[in-house]
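In this note's numbering, the protein residues as written are 1 to 559.
Any given hint might turn out to be false.
[As the list claims (entries may be wrong)] Derived DSSO-like pairs (lysine-lysine); straight-line CA-CA distance at most 30 Å: (1) 428 with 550; (2) 351 with 415; (3) 478 with 509; (4) 543 with 480; (5) 351 with 374; (6) 289 with 509; (7) 321 with 289; (8) 374 with 543; (9) 428 with 339; (10) 339 with 289; (11) 321 with 171; (12) 321 with 339; (13) 171 with 40; (14) 133 with 171; (15) 133 with 243; (16) 415 with 374; (17) 289 with 480; (18) 550 with 171; (19) 550 with 480; (20) 289 with 171; (21) 415 with 428; (22) 351 with 243; (23) 480 with 523; (24) 171 with 428; (25) 374 with 480; (26) 171 with 415; (27) 543 with 478; (28) 374 with 171; (29) 289 with 351; (30) 415 with 543; (31) 523 with 543; (32) 523 with 550; (33) 351 with 321; (34) 321 with 374; (35) 289 with 133; (36) 171 with 243.
No lab work stands behind these hints, which were simulated from the structure alone. Remember, it's a predicted structure, so these values are computed and weren't measured experimentally.
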Amino acid sequence: MKKYIFISPLLLCLLSLYSCYDDSSTLATNNIGNITFTEKQSELYIGSMEELTLIPDIQIAEGTNTDALTYEWALTETPVTSSSSYNFEYEIISTDPQLNYVVERPVSTSPYTLLLTITDTVHDNLQYTKSWKIHVQSTFLDGLLISDTENGTTSDLTLINNQAFTVNYNKDEQIFRNILTSINGQSFNGLMQTLVYEVMGYGSSIQTNQVWTILGDATLARFNCLDYTQNGQFQDQSLIIDKPNGLRVLSAFQSHSNFYINTSNNLYTLASSTVNRFSGPAGALSPYKVNNNVIAYSPNNGYVSNSLSGADQQHLTFYDKEQAAFITCNGSGQFMQIKSFDANNNFDPNKLPNQTAISAVVFEDMSQIVFLMKDDTNGTYSIYTFSRYIGEESRYDGDDWIVTSPSQPASARNKYTIPSEGTTLLDKAISIFFSNRNLLLYVTTTDGIYTINYGAGTTATVSTTPKYTPQSGEVITKAKMYQQGLYNYNCNLIVGDNPTVPQTEWNNKAIIVTTQSSEYEGKVHIIPITQVANGTLDASQAKTYDGFGKILDVTTTGY
């Protein structure tokens, strides 16, 4: 229920006199007849969607009939600013003596006003009032973000914060379910099939990190991570300026300070620190076409501070089927350079026809790029490894730049053939992904997770015994490596010589698995890897979350 309360400037002044006490002040009282407010605080801070519990600190005069007292808690619909109108719309949120209210107001830099009115129904309905400034902050921190659907048409978001997935978190686990319904009164009209977290770079003019989502119809939407309000849609120019008819978005990812989408019109890129929408395809990449939506990219900025060009800062690699060649991209923006790989005796990356890219990764330390490829002629699979391009290093001696280390070309390394038992698994796989720390490929089918080791000889080793099997009655629908949100932006913030953000215990040491026991009964499992070299998983130590419909995707967020 809602109530309109028209507050005059005079009443606002009176309320402020009655209730504006500093947190550090001594005990103050508001003595108004039979009821005295003895309140130390007039400003409260609460996270959006957290429960605000407030017991009014009052003294009731002896002989007062407490049964005759009524309580009304009212909260402004919008924040109250110095420039606000004097007519505020309040929502009555409780009529109990104690307030227990889940705050569903949008996050705001300006406070809302909470007004408590106590009415003495015996003494001419005499009213006693007290107001607080309520500062609503974001509670959506590092965690697991899940999209699911209950009906196959609309979808919603759930965020899980806990000590395992949230940096510097010392609270009890919090699960914020159906965030969009709570905020908007309804779920999102569409299926959020893919979630991609984007971190705003240092000095960005954009004030909050974001989640992009690819919808079931291959269009885009975007939400800010402060309060998960939508801040971009595909239908207008808020996400893409130059959008040809029929454009389909296939994937999205962030590589350090650049954000990318792969589309039916090739790759688009934007610099996260300066702009918040794509203008058009990346010009340097326009002659090339990404095969099967498989792109190897690195969250390591790879920047050499004394490099002349800085062109080794960004790394993208993909297979172009029409050219039968692997393409590697270094740098970004005006520094973007397209290069080919040097061949060796194992294979020629520039002459590899009739292949389909299946999966790819760049190692965390950028020591190698790895691709899983399928031969279209005979259906066999092979793993190919590459060395990345490294720009020359130099130093300035006061007169000129002196090259201290010459550039190193991108080049082929090794090829590993996968035997027939691996082909059987890969042909029925639903998720295939590499470890970026170990020579290991994970292959997920509906009934198990398997591994393939490579790096020795010329033939990979297939483990036909599953590392994980779902519980009876459940089928696996998706699996991916658990990596905390900031890691996917720039892993140097978390690992390396001078990390600035604590690394969560399971970063790159756990697998996210989704299962369904029926079409609209889903679970999310995070299963730790106990032996990283061979991918052994310990299901007994897994964290499992149920209560979902059909799970569409899971990603990680972080600040």
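Status of the hints after comparison with the structure:
no. : hint         : result
1   : 428 with 550 : holds (21 Å)
2   : 351 with 415 : holds (14 Å)
3   : 478 with 509 : holds (17 Å)
4   : 543 with 480 : holds (15 Å)
5   : 351 with 374 : holds (15 Å)
6   : 289 with 509 : violated (33 Å)
7   : 321 with 289 : holds (8 Å)
8   : 374 with 543 : violated (34 Å)
9   : 428 with 339 : violated (34 Å)
10  : 339 with 289 : holds (14 Å)
11  : 321 with 171 : violated (50 Å)
12  : 321 with 339 : holds (16 Å)
13  : 171 with 40  : holds (25 Å)
14  : 133 with 171 : holds (24 Å)
15  : 133 with 243 : violated (45 Å)
16  : 415 with 374 : holds (13 Å)
17  : 289 with 480 : holds (25 Å)
18  : 550 with 171 : holds (29 Å)
19  : 550 with 480 : holds (17 Å)
20  : 289 with 171 : violated (47 Å)
21  : 415 with 428 : holds (23 Å)
22  : 351 with 243 : violated (33 Å)
23  : 480 with 523 : holds (14 Å)
24  : 171 with 428 : violated (42 Å)
25  : 374 with 480 : holds (20 Å)
26  : 171 with 415 : violated (48 Å)
27  : 543 with 478 : holds (16 Å)
28  : 374 with 171 : violated (47 Å)
29  : 289 with 351 : holds (16 Å)
30  : 415 with 543 : violated (37 Å)
31  : 523 with 543 : holds (10 Å)
32  : 523 with 550 : holds (9 Å)
33  : 351 with 321 : holds (10 Å)
34  : 321 with 374 : holds (12 Å)
35  : 289 with 133 : violated (55 Å)
36  : 171 with 243 : violated (44 Å)
The structure fails hints 6, 8, 9, 11, 15, 20, 22, 24, 26, 28, 30, 35 and 36 (numbered hints given earlier, in ascending order).
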